[in-house]
Each structure stands twice: as C-alpha cells, then as structure tokens.
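Participant: One line per chain: the protein sequences are A and B, in this order. Per UniProt numbering, the first sequence starts with residue 1, numbered consecutively. Per UniProt numbering, the second sequence starts with residue 1, numbered consecutively.
Since the hints were made in silico from the structure, they are not lab data. Predicted model, so just to flag it, every value in this text is computed and none were measured. The beta carbon of each residue, even a glycine, is placed where N, CA and C say it ideally should be. Please note: incorrect hints may appear among the correct ones.
Stated by the list, open to error - Partial list, derived from the structure: chain B residues whose beta carbon lies under 7 angstroms from chain A: (1) Ala-219; (2) Ile-221; (3) His-223; (4) Arg-226; (5) Thr-227; (6) Met-230; (7) Leu-233; (8) Thr-234; (9) Ala-235; (10) Glu-237; (11) Leu-238; (12) Pro-240; (13) Ala-244; (14) Arg-330.
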Amino acid sequence: MDRTTSDAPVTVLLVEDDDVILKTVTMALERYGYRVSTAGDGLSGLESFQDGGHDLLLLDVMLPGLDGIGLCRKVRESSLMPILLMSARGDAVDVVSGLEAGADDYVVKPVEISVLVARIRSLLRRAAFTPRETASAAGTPDEGAGGSALAFGDLTVDTAALEVWRAGRPVALAPTELRLLLEFAANPGLVLDRQTLLRDVWDYGWDGDTRVVDLCVQRLRKKIGADRIETVRGFGYKLRRS
Amino acid sequence: MNPTSLRWKIAALVAVGCCAVTAVVGVLVHRATFDRSMRLGEDDALQALTQIEQEYARTGTAPADAMKEPGELPAELRQRLAPPETGALSPVLAGSTCYVEERPGQPWMWAAARVGGQVLVARIEMGPELRSLQALDRHMVLAALAALGVILPVTVLAAELPNRRLRRVAATARRIADGDLDARTEARGRDEIADISAAVDSMAANLQRRLLAEQRFTADIAHDLRTPLMGLLTATELLPESEATDLVRDRVRVLRSLVEDLLEVSRLDAGAEEAERLPVPLDRLTAESLSRLGLTAEVTVVGDPVAETDPRRLDRIVANLVVNAHRHGRPPVEIGVSGRTIVVRDHGPGFPGDLLADGPRRFRTGRAERGGGHGLGLTIAVGQARVIGARLRFGNAPDGGAIVTLELPA
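Full structure from sequences and hints, please.
Facilitator: Here you go:
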C-alpha cells in the first residue's frame, strides 16, 4: 500500500552536495506532500540517517567525504530502508556498484520531479510489503491469511506475514529483495524473464535497465542460498522448488 | 586441416631437404662402390689373363675358351686391344680390359691380349658384384624412407609448438578487436613470436589506457554538465505557470536533450558500449516506444517478430528514427515490422544526397526546409545500431519520402 496516502507524511532523507539541487528537489518533493530532511555530504547524511525517522533514502552518488555508494553500504549494514540513488555519471561502474552496495533502484540526473516521485512511490509500495511496515500498519489486509507459508527446500516464505526463514533462521530482506522473492514464490519452477520482473517489481517499461534485476537477484542469492534461484541463460531466472 | 598451414610447409621443406641429402650421398656411395668393384674385377681378370699367358708361354697352348679370334671379341674390347706385338713374345703382355653386360643382369669383365693373330682372353663373372650393388641401392632407399618416416612426424610435431603460439597471438588479437581489451597473449621466450606477442600486448594496453581515459573524461563531463542541468530542470518545475515559464521550460528541455545526445554520442565514440541481449518482441517494443514519444505512426506488423537484442538501445534507435521522420519529413509516418527488420518511412522531401552518400553526420541537418534539430539523432541511431550489430540503411522512396531500414542480426 502506498504510504503517501496515509496520514503521516513520508519522510525522505535527501543527501546531495549541490545546493541548487538540494533546495529545488526539497521544495518540489514537499509540493508532492513528502517531508524532506537534507544533508550536504556523506558523513552528515549518515549521522542524519542514524538519528532515524526516515522512510526512504535519496542519495547522490558523488558526495564529498563518504560517497553515495559507501553511504549505501553503511546503511545496509543495519537497515533495510529503501534506497534510491541519483547518479550524474550514469556509467555502468556507478550503477553496478551502487546496486551491489544494496540500492534498490537508480535514476540518472537530470531527472524530472514527476519521474523521481514515480520511482519513490514504486519503492515505497515495495517497502509496504516488509514485515516492519506491516507490523507498524497493523490490520493491513494481507492476501490469504493463515496457511500461507511456502517451502522451497530449506527456504520458507510466509506470504502473509512476509517473513522468510532459511534452515529455521529468519532472513532479513530489503523491500525490493522481498518483493522479488515473492514474485518468484508465486511462480515456483517457472522461468521469469528480466523484462517481466522489471515491469512487475520495479514498474519499468522497455526503457528499464535489466542490470537492476540481475544485481538484485545476486543480492537475494547471497541471503537465501546461491543455488536457490537458477539462471536460465538467455531467458531469465527461476526459483528451485526443492 | 589447412594445407597451406605453416606446419605443412615446414614439413615439406624438411622432406625435400632430407631427400636431396639422401640422393647426393646415395649417388656418391653408389659410384664409389661401383668403381671399387670394377677395379677389383679388372685386377682379377688381368691376373687370370697373366696366368693364361704364362701357361701359353710355357706350353704354347691355352685352354680352348681362352683362345679367340679377334672377331669373337666384344666390339669395345677389340678397339681397346693393343696393336699386335712384334718380335719375341714377352713373358707378360699388356692386357686390355672391358666390362661388358652380355645379357641384362649378367655382366662379365674381360681381359685380353694379342698373341700373334689370335687373342688370349680371360673372363670374370661380375654378376654377384652387380647384385650386391643393387642390394646396396635398395638398402639406401629403404634407410632414407625410414629416416623420413621418423623425421616428418617429428617435424610436424615440433612445428606445432610455434604454430600454437602464433595461433594464440592471432586469437588474442581477434579478441581485442572484438572489444575484449583485457585479453593478453602473455607469451614468454625471446624469439620472434615472443616479439610479436609482446607487440600485440602493448598495443592492447595502450588502446585500453586511451579508452579508459576517454571514458573517464566523458563521465566527468557528464557529471559536470548534468549537475547544473538537474538544478535548472527542478527549478523550472517550481516556477509559477506563465507564458515565460513555458518558454524557459521548453529551452531547458531542448538543452537537456542536446546534452544527453552529445553525451550519448561521445559514449558511443569511446567504444565502451556493450549490448545486453534478450528476446524482445519487436511489435511491442515499437508500440511502447511510440506511446512514450507521444508521436503517431501507422504500424504494420507481419507475423510474430521476436529478436535477440538490447531493448534499450533498440528503443533509442526506433525513437530517434520516428522523431527524425516527424521533424524532417511529413506525415503519415509508417513503420513496418517483419522478421528482424524495422522500416520507418515518411512522406516528406526525403534524405538529401550527401546523407545518402556519406551517412548521417553530427550537426548536419540538411536543407533548411527539413526543419530544426541538431542532427545528432541519426548519428546516435547509427552508433547504437553498431553496438547491437544491426545494419541501418538510408534511402528515398520512388514516390517521395525518406525510408530507413533497420536490419537486426540473426
């Protein structure tokens, strides 16, 4: 569910070193009803994050001190909060290392506010799936309550409680990773191509970047076991049933 | 197996060399042996003749087969025979010898000396000598063949080693040409092959260094251009609606697309772009591309065309072609999709001649009546087509209008 429609405004932590972008993006996002707190460099961004109270991180990649990718990695050590990267360079190295560091998605500057807001909404929709979010929004109607645990070998996915266990131990998944796993769990043993995943999980069309899918699958594999999700060369990925 | 391979050439050379050496040695040995057995045969024949002469001198007679008329002698021997002795019969007469093969395989050595009107003759059979000489020839040929049988395979195997190194150099050079700039031959040694390997390696390293520098430069430029542009773009979105705001927004939009196109061209020029292929339904991609552009075109689809290609790059190509057709041509814009081919056509004045001849060039927008634009769209389309291995052909329809044909690789 979209948090932007609930009463409490969504708080975005924007970390950006360019003053004009910092100011204009803040003003524009506030027009869309978001609350924005800001930081001008990586280290103060990390401090603000540690103070808490944010729903989403919007990070520039090139930051003085600690850069966006380093900050992303630091945040991921302790939090599953959705992270959207803004890159002004847009080359493969930035994108790949950002996504590897745990970012959920990226946009290349310059980006219209409407596009930025669409990405933020899509991310928050995924975040609404996380246990943390469902716990805070108690009473949210879940699909198929009770008897909703699916087992795939040593992996158990509870599609109602949105919890994942591997060999009896709970696995902490970031919102995009969980959303991706649920997509696989809904189609066990079926090959899902990258384009379908990009459309259903990230809300992208053909212009989307399928590297986002590949890198998120890689992160997911690290958490739930490398051989759980098989690569079907030339087509996509599938979840092993047993 | 390539018959012009260096390996077979080396083997042939070695074989020819071996055969030449064997032939020369064989002829020399054959002749030396033949000469020696001739000398021995002459000695034997003359010795036998001497015995007959001594007997003749002592008894005045000789065995019947040792006493011949000159006419009975082989012609060659008759010519060589010393003239008739005059005076007293010396104890030892000078004998003449001759080697005669009376029937094939049955040679004799004759020795003869005139005694009065007659000739004393001694004959030694040379057959065994001839046969042992033939046996020697046969042995030498067999030995040569046996040596070739060993040397040739050894040569072929030995030539395989440098061949393999050369093939590795060639394969590495090909990989570098295909864009794998990390490929190195890593050859050891100090011969010519190691030289050429080292040259290929240093060429690749140089290429890589320059490419990386260019890519870094492009990325830095991108950052420096996009950061203020982003501020500008978001700031204009905050402006209150007015006619002036619309003008500013329009210019920002133009500036932004120019910057993005320039960055795309320089990325394509840097040669660092790599296609990311997946099965793409071409009809769906075309439809989505059009709806994102907000432009109209009559789309004709034949069959169920699916191609293994990079959808983002293909989308860029289709979008640029359609925008170009709308900007410089006249509607209706038609798109035909069939198999692996996408054809975009308009009904405007068509492409100018120099574009058809030289292909699109940046900042060349053709005739003024073809409308505005900075002329990068087709350059980008060509560059992206190269990255996905597709061919882009420009032409004009006989009844007017520009036609661009995009052929995706099989």
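Participant: Hint B:Leu-233 vs chain A: min CB-CB distance below 7 angstroms?
Facilitator: holds (5 angstroms)
Participant: With chain A as the partner, please determine if B:Ala-235 meets the hint condition of a C-beta pair closer than 7 angstroms.
Facilitator: Since chain A brings a Cβ to about 5 angstroms from B:Ala-235, closer than 7 angstroms, the hint holds.
Participant: Less than 7 angstroms between beta-carbons is the criterion; does B:Ile-221 satisfy it with respect to chain A?
Facilitator: violated (10 angstroms)
Participant: Is the interface hint for B:Pro-240 satisfied, with its Cβ closer than 7 angstroms to some Cβ of chain A?
Facilitator: violated (12 angstroms)
Participant: Tell me if the interface restraint on B:Thr-234 is satisfied: Cβ within less than 7 angstroms of some Cβ in chain A.
Facilitator: holds (4 angstroms)
Participant: At a threshold of 7 angstroms, is the proposed contact between B:Arg-330 and chain A supported by beta-carbon distances?
Facilitator: Hint on B:Arg-330: violated, closest Cβ of chain A at ~28 angstroms, above 7 angstroms.
Participant: Using 7 angstroms as the Cβ threshold, decide whether B:Ala-219 counts as touching chain A.
Facilitator: holds (5 angstroms)
Participant: Does B:Leu-238 pass the interface hint, meaning its C-beta sits closer than 7 angstroms to a C-beta of chain A?
Facilitator: Status holds, d = 6 angstroms.
Participant: Would the stated hint for B:His-223 survive a check requiring a Cβ distance to chain A of less than 7 angstroms?
Facilitator: holds (4 angstroms)
Participant: Does the closest beta carbon of chain A sit nearer than 7 angstroms to the beta carbon of B:Arg-226?
Facilitator: holds (4 angstroms)
Participant: Given B:Glu-237 was flagged as interface, is its beta-carbon under 7 angstroms from a beta-carbon of chain A?
Facilitator: Nearest chain A Cβ about 5 angstroms off; hint holds.
Participant: Answer holds if the nearest beta-carbon of chain A is closer than 7 angstroms to that of B:Ala-244; otherwise answer violated.
Facilitator: Check failed: Cβ of B:Ala-244 comes no nearer than 18 angstroms to chain A, outside 7 angstroms.
Of the hints listed earlier, those the structure fails to meet are numbers 2, 12, 13, 14, in rising order.
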